[in-house]
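Participant: Listed here are the chains, written in short residue letters.
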Amino acid sequence: MWRLTLANTVAHRSRLALTWLAVALGVAFVAGSLVLTDTSSRLLDQQFRTSAAGVDLTVRTGAAFDSAMGVEVQRDPVPADVADRVADAPGVGQVRRVASGAGQLQVRGQVVAPKGPTLLSSWGEAPFTAYSLRSGRAPRHDEVVLDAATARAQHLSLGDTVTVSATGSRRLRVVGLAGIGDADGLPNSAVVLVDLPTAQALLGLGSGLSSVEVVGADGVSVPDLRSRLATSLGARYAVTSGQDAAAASADAAKESITYLRVVLLALAAAGLVVGAFLIANTFGIVLAQRSRELALLRAAGATGRQVFASVFGEALLVGLAGSLSGTALGVGAAYGLRGLAQGAGLALPDGPLTVTAQTLAISVGAGTLVTLLASLAPARRAATVAPVEAMRASDPAPHAPGRLRLVSGWVLLALAAAGLVAAALLRTVAGVGVGAALLMTALVVLGPVVAPRLAQAVGRPLDRAGVPGQLARASAVRNPRRTAATVTALALGLALISFVTVLGSSAKAITAGGTEAVTADLLVQSSRDEMLGGLSPEVARRVAALPEVEAVSAVRFGHWLDKGTTSALTAVDPATLPRVATVTMTGGRLSALDRGGVVVAEKVARERGLRVGDTLAMTFPRDGEQHLPVVGVMSETTAQALSTSYVLSRATYAAHYTEDVDATVYVALARGVDEARARSALSAAVADFPNAEIRDQAEAAAARAAAVEQVLGLVTVLLGFAVLIALLGITNTLALSIVERTREIGLLRAVGMTRRQLRWMVRAEAVLVAAVAVVVGVVLGLGLAAATLAGLSSGTEVVLNVPVGQLAAVVVVAVVAGLAAGLLPARRAARLDVLTAVTTQ
Amino acid sequence: MTTPTTTTTTPTTTTPTPLTAPRPDETPAPTPAAARAVDVVKTYGRGEAAVRALDSASVTIPSGRFTAVMGPSGSGKSTLVHALAGLDHIDSGRILLGNTDLTTLSERERTLLRRERLGFVFQAFNLVPALTAAENIALPLTLAGRRPDPAWRAELVDMLGLGGRLEHRPAQLSGGQQQRVAIGRALVARPDLVFADEPTGNLDSRSGAAVLAFLRDATRSLGQTIVMVTHDPVAAAYADQVVFLSDGRVVDELAAPTAESVLARMARLDAPEGA
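Keeping their order, the protein sequence lines are chains A and B.
Counting in UniProt numbering, the first sequence runs from 1 upward without gaps.
Counting in UniProt numbering, the second sequence runs from 1 upward without gaps.
Don't read these hints as lab results, they were simulated from the structure.
By construction, the Cβ of each residue, glycine as well, lies at the ideal position given by its N, Cα and C atoms.
Just so you know, not all the hints are guaranteed correct.
Short, incomplete list of chain B residues facing chain A, as computed with Cβ under 10 Å [what the hints assert, rightly or not]: (1) Leu-113; (2) Leu-118; (3) Val-128; (4) Arg-165; (5) His-168; (6) Ala-209.
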């Protein structure tokens with residue numbers, strides 16, 4: 001039997017080719033996602049490990065948590081005397097006083113903007129760092145060493161002058177070019193190395209240090225030294241092993257990769273599910289065509305179990321072949337995915353790819369498993385072919401959908417609809433998820449009932465196009481199960497795309513809007529759009545000094561832990577904020593923030609049952625858990641304008657955070673000042689801060705929307721992949737049904753259907769199937785998006801924003817793609833020799 | 001979406017003729033031939049495996065007659081009829097339909113010619129399953145973007161005894177009914193020539209007899225030219241004349257055949273092989 005399976009697979013290889021391709025594409029996506037994220041993680045690990053290669057221990061100020069949302073928390077500087085105490089401690093060999101942080105590099109007036117960070121650090125040599133001079137010498141006062149890769153890219157040579165800025169800003173002369181280990185630089189980063197006093201000045205550390213790195217004296221046990229140092233320095237300072245500190249930094253950088261991995265794998269799963277429909281369909285059709293042969297096997301004495309095993313074996317072969325080639329393809333796909341993700345604004349390091357055994361196992365396993373599962377139903381059907389079918393002259397008509405299917409399908413649909421409406425009304429997103437899952441199941445069950453009817457309705461205009469149109473419609477309706485599977489696969493992909501499009505467009509509307517409360521004329525923000533913002537506080541001071549400006553208020557962001565969950569807050573100046581924004585309080589007063597305490601949004605107050613006078617436990621990075629009094633409740637529009645639901649005063653913020661960067665400086669202009677003139681005055685005032693960008697409200701909204709748009713673009717492109725697989729399904733189903741209809745096509749040709757009419761007929765069927773899928777997919781996507789938005793919006797009204805233009809584009813692209821999917825089968829049909837076709841058995 | 005160009009047709013030389021009158025020959029030539037094959041050679045395969053299916057076969061199909069083509073298996077009878085119908089290419093020789101030389105036509109011209117001037121009845125799988133009986137009958141006309149003449153269609157349906165079955169799909173019809181629908185389709189465009197390839201091959205003897213009687217009546221009362229391939233002497237006896245093929249050549253003709261006389265000729269054809 002196994003030999004028969006093998007022979008069958010080989011014999012039907014052309015019919016199984018597209019199945020193989022579908023499996024391969026789906027698996028390539030899975031493998032590509034895994035390879036990409038593994039690679040990125042490994043590269044980041046390496047990057048941080050090499051930079052801390054020879055360090056035994058790192059002494060820093062303690063923090064309640066290391067990082068949040070992929071951003072490492074900033075710690076208080078280590079005072080110089082603490083560094084001295086460390087250096088004098090017994091067992092300590094060498095120490096390095098480190099000042100490091102994020103900086104900016106300007107060359108010839110232009111900001112150098114790598115995909116990742118620009119690392120500003122004090123110079124250090126082995127054994128502490130992996131930096132090594134390639135040319136020139138170590139930096140002294142007002143001098144700088146750059147990584148060789150950046151210098152090369154910027155056409156810089158020794159003796160050139162560059163501007164380096166962080167909290168402060170200085171012009172420095174390039175005196176050396178460094179490599180990092182064997183590499184000329186760090187992936188996606190620029191490295192700027194200066195002497196310690198310059199670094200301290202630029203980073204605003206005074207005489208403090210970011211950290212003290214320690215190499216133990218010969219023969220001293222590092223764990224012993226660590227506990228001795230920790231004891232002598234006290235709880236305020238954290239002593240970690242150099243590798244742990246590097247790992248923590250790497251983990252922060254890897255956080256965004258974890259999100260990316262989840263998103264990519266979810267999209268890959270969508271591709272595989274769509275592929276599963278295609279696989280099930282192909283096996284169904286191929287087996288229907290072979291039903292006489294299978295019946296013959298049964299008549300010759302094969303048991304149903306043997307037939308099942310034989311079919312299942314074929315699926316195993318195709319699944320394995322597809323998975324293996326897909327995995328190989330995936331390694332290449334990883335490069336493409338990296339390009340796409342980087343294009344969408346994600347900072348992923350470049351470097352050689354990592355392929356782990358785990359990746360190989362998951363990819364091959366997932367592809368094979370999906371193929372086997374998808375072939376289960378066709379194999380079971382094949383096993384039930386009765387031996388008498390062998391004697392039957394004509395192929396049996398496809399079964400009408402059973403009563404069970406009808407009843408269970410409609411029940412599921414009703415449940416799904418009820419669930420979605422209830423979830424939307426009760427505003428629970430989890431309920432929407434359950435409803436969506438029910439809806440998808442209902443779609444699969446009801447497909448064979450609904451798809452043909454929809455095809456009848458949608459295909460009505462085809463009748464006017466004469467017999468070819470009429471026949472196209474009829475054959476789309478003829479085999480309900482087959483049409484349903486093809487339609488469902490494509491509809492699923494299109495539903496996801498329209499869901500994401502609608503959701504994204506609504507999200508864009510939300511991020512772009514919500515600023516009605518802001519009355520400022522101009523905003524200054526960082527052009528790099530860092531998560532916490534990146535403006536030096538000096539920017540606000542300089543802008544405030546301008547005569548064109550009437551009022552300035554700067555806000556900054558921080559992360560805190562809300563019972564272990566990362567949350568965000570905004571720090572404002574209660575005195576100046578009302579002059580640049582309309583602040584609406586529903587309880588308490590904004591000015592009460594001056595006494596320390598927190599203002600929460602209306603929705604939060606309601607959900608947590610907080611009232612003015614209650615206390616809220618908040619964990620800050622600098623000083624851990626603190627109990628802040630709730631001093632006010634603000635309206636949702638105010639919360640939206642300030643981007644978070646928790647607001648502190650800047651003074652309170654300074655007590656709990658070491659970070660000292662502003663996110664937005666709101667500027668109200670003096671009466672009668674022309675905006676263009678004000679802009680140029682502002683530009684001149686912040687010229688020393690290359691990342692300070694002056695925006696009006698529309699520009700600021702556009703900048704926020706752009707971020708959403710990029711991610712949306714990435715997701716849409718990747719979903720397009722699932723749609724591509726679904727389109728392969730149309731091609732495949734049509735091609736196979738043409739094989740099945742050879743005699744009918746021969747007859748039509750004999751009685752005078754021209755090749756052109758025939759091609760038209762096949763293409764019309766493809767377009768019809770695509771059109772039905774478009775209808776189902778877009779309606780589903782819209783419905784789910786509406787339910788999700790309703791579920792998400794508690795308190796505030798979240799407006800469903802239907803991007804008609806984009807959806808229309810999706811519809812047009814899908815239908816045109818359907819036409820393209822029909823091209824090959826149409827050509828094949830038209831090429832059939834009339835005589836062979838009509839006399840074929 | 002494009003619309004098919006069903007309205008463009010090649011000009012044909014047919015002119016409408018009275019239903020019941022024998023169709024006058026469309027050409028001024030004195031021979032009342034509907035179709036002719038002249039020295040047709042057709043070879044399948046190559047080299048050692050080459051089979052000469054038609055070996056300079058020549059035959060004339062007289063207009064307004066019911067001609068049966070017979071011969072042992074492999075004699076080339078199907079190949080000859082396929083060649084006459086423009087369904088198959090030939091290696092050399094000429095195929096004339098009226099005054100039109102099929103061998104000079106392009107694929108598209110031959111398709112349009114089939115649609116306009118020829119009718120077909122096959123042994124099995126004769127109808128498009130997705131269309132009703134009425135739609136199947138009208139198929140050649142609708143493909144050309146025309147509508148059947150209602151009076152003519154009504155007469156056909158009446159003669160074929162298909163009244164009340166017109167809205168049924170092929171799967172709902174018996175084999176005999178299906179074959180009668182196929183005949184209706186073959187006749188609806190009033191073709192110059194109808195080809196029937198073993199039309200009773202899949203039918204029981206009673207249904208087969210009805211189909212054959214109908215084909216004969218179509219010739220007698222409508223003057224329809226019909227060519228039928230068969231290996232059944234009883235079926236051949238319904239024809240006005242029988243053409244016998246052997247080894248790719250026309251070897252004999254028989255006018256006013258009966259089952260017995262056909263059987264006798266067949267026996268003679270088979271004899272040299274058996275000896």
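Participant: With reference to the structure, classify each hint as holding or not holding.
Facilitator: Hint by hint, here is what the structure shows:
1. Leu-113: holds, 8 Å
2. Leu-118: With Cβ-Cβ at 8 Å, under 10 Å, it holds.
3. Val-128: Given a least distance of 6 Å, the restraint on Val-128 of chain B holds.
4. Arg-165: Status violated, d = 19 Å.
5. His-168: violated, 14 Å
6. Ala-209: For Ala-209 of chain B, the interface hint is violated, since the closest Cβ of chain A sits about 21 Å away, which is over 10 Å.
The structure does not agree with the numbered hints 4, 5, 6 stated previously, though it agrees with the rest.
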